[in-house]
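Trainee: Sequence:
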Amino acid sequence: MEVDNHRKISSLSKSKSSPVVEQESNTVSSGSDTKQMKPLGWKAMPFFLSNETFERLGSFGIMAIFTVYQLNENNVSQVYVAARFGAWNGVADFLTVIFAFLADAYIGKFVTIVLGSFATLLGMSMVTLMAIAPQLRPTHCTNEERIHGQCIGPNRNQLAFLHVAMFWLAVGGGGIRPCSIPFTVDQFDSRTDKGRKAINSFFNWYYTTFTLVLLITSTVVAYVQTVSWAWGFTIPTVCFFCGLVLLFAGMRIYELVIPEGGVFSSIVQVFVVAYKKRRHQLQSVGDGIFYDPPLKKTLCSKLPLTSSQFRFLKKAAIIDNNDEIKQDGMCMNPRRLCSIQQVEEVNWLMIIVPIWASAIISFLPMQIGTFVVGQAMRMDRHLGPKFEIPIPSIFVISLIIIMATFLPIYDRCLVPTLEKFTKQEGGITLLQRIGLGKEISALF
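When the letters of the sequence shown are read in order and numbered with the UniProt record's numbering, they come out as residues 1 to 444.
Since the hints were derived computationally from the structure, they do not count as laboratory data. Since we're looking at a predicted model, the values are computed, not measured. Hints are supplied without guarantee of correctness; some may be wrong.
Per label pair, the in silico range of CB-to-CB distance [stated by the list, open to error]:
#, residue 1, residue 2, range
1, Val238, Trp205, 45 to 51 angstroms
2, Ala249, Thr208, 21 to 27 angstroms
3, Ala442, Ala249, 40 to 46 angstroms
4, Val97, Val238, 28 to 34 angstroms
5, Gly86, Ile434, 19 to 25 angstroms
6, Gln375, Ala160, 27 to 33 angstroms
Listed below are the simulated DSS-like cross-link pairs for lysine-lysine, each with C-alpha atoms no more than 27 angstroms apart in a straight line [to be verified]:
#, residue 1, residue 2
7, Lys197, Lys423
8, Lys197, Lys276
9, Lys420, Lys438
10, Lys423, Lys438
11, Lys420, Lys197
12, Lys326, Lys277
13, Lys197, Lys43
14, Lys276, Lys43
15, Lys194, Lys438
Cβ atoms here follow ideal geometry from the backbone N, Cα and C, with glycine treated the same way.
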């Protein structure tokens, strides 16, 4: 079999689109794969960052005051708000998985973002309408009535309108969350050093604007809410609409990556083919001859077959005598042969799953937010005789502590000290940072 495989390599290597690669070389010999796409990179960023800033300003602005609005104006209990908020988060997170699959397999990231944006705009408009139209909320409850438990809650129609609004907000979040960052990364060429550096720089800008938006929504928008609920919801909705307009303004310069089909079918295919070829032996030197076809028109970098974990999956990419390759470098029967790219995608997915699963318990700290609002409503928040801190602004305290104290100490003191001991850039790895963060979160 080994002799036949080497004959197959010699015959295929004459073609420019040879899909075969030896493990030691990790080179791509396909002519079609060497076509360099030239995304515009930073030229698209003003549109996208502006859209992201306005989008978060709108969505975060709504959520920052939504809990307070339900407690004060909808006359519902804190337990009810916590339960509905948890259900809303659960639906949004579940829809994130569905929209991520649809984006990768069928409709693309940009279309998914657009659909999610329209759904969010509809939900925000409904919430704003609740604050404007008195027919969509119960009668106002005075402090005395609230103390004696005499407040009239929302009727069935008002609750239905509220739940529909929250549903559209969940649909919008499910469409935007999984695609916003990957869509931005598509605008850079990750196959070059310049493109990878630009991606790292983008993340710095992304999270900088993220933090600034949190500060604005927790202070300015929250203060407007104390003046008027209608304006408190209208301003975020208008900001979100402006972000959507900016998103469409940059359509001509966006790099739109074509969906490549179902992801789950590819994962199943790797396991099935690896099982069928379970009796194949991986060679000690070079690990054998593997199928490495050209990628479709995409900006993704090829994944080399270098992972040492789950080596049994490599057998799915081994070429044997029964595998036939077409002239364009593609396999005649995908049920019998998988590419290196498919194998490595499954390999890395299996590595990531434990890290992802460890974050499931993080839903518990999220429930604290609704109860913090309840505590803040009972606090004396006055600074002086006239100014009172808005309830959502209580969350700014944690941001200020992080930005003003922890980040400088971490960057200027902890990182240099750790680098001296570990001899590693950054002091510790990203995985160690994640683990350390989870430990601290569990302790405090």
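Trainee: Hint by hint, which ones does the structure fall short of?
Mentor: Numbers 1, 8, 14 and 15, in rising order.
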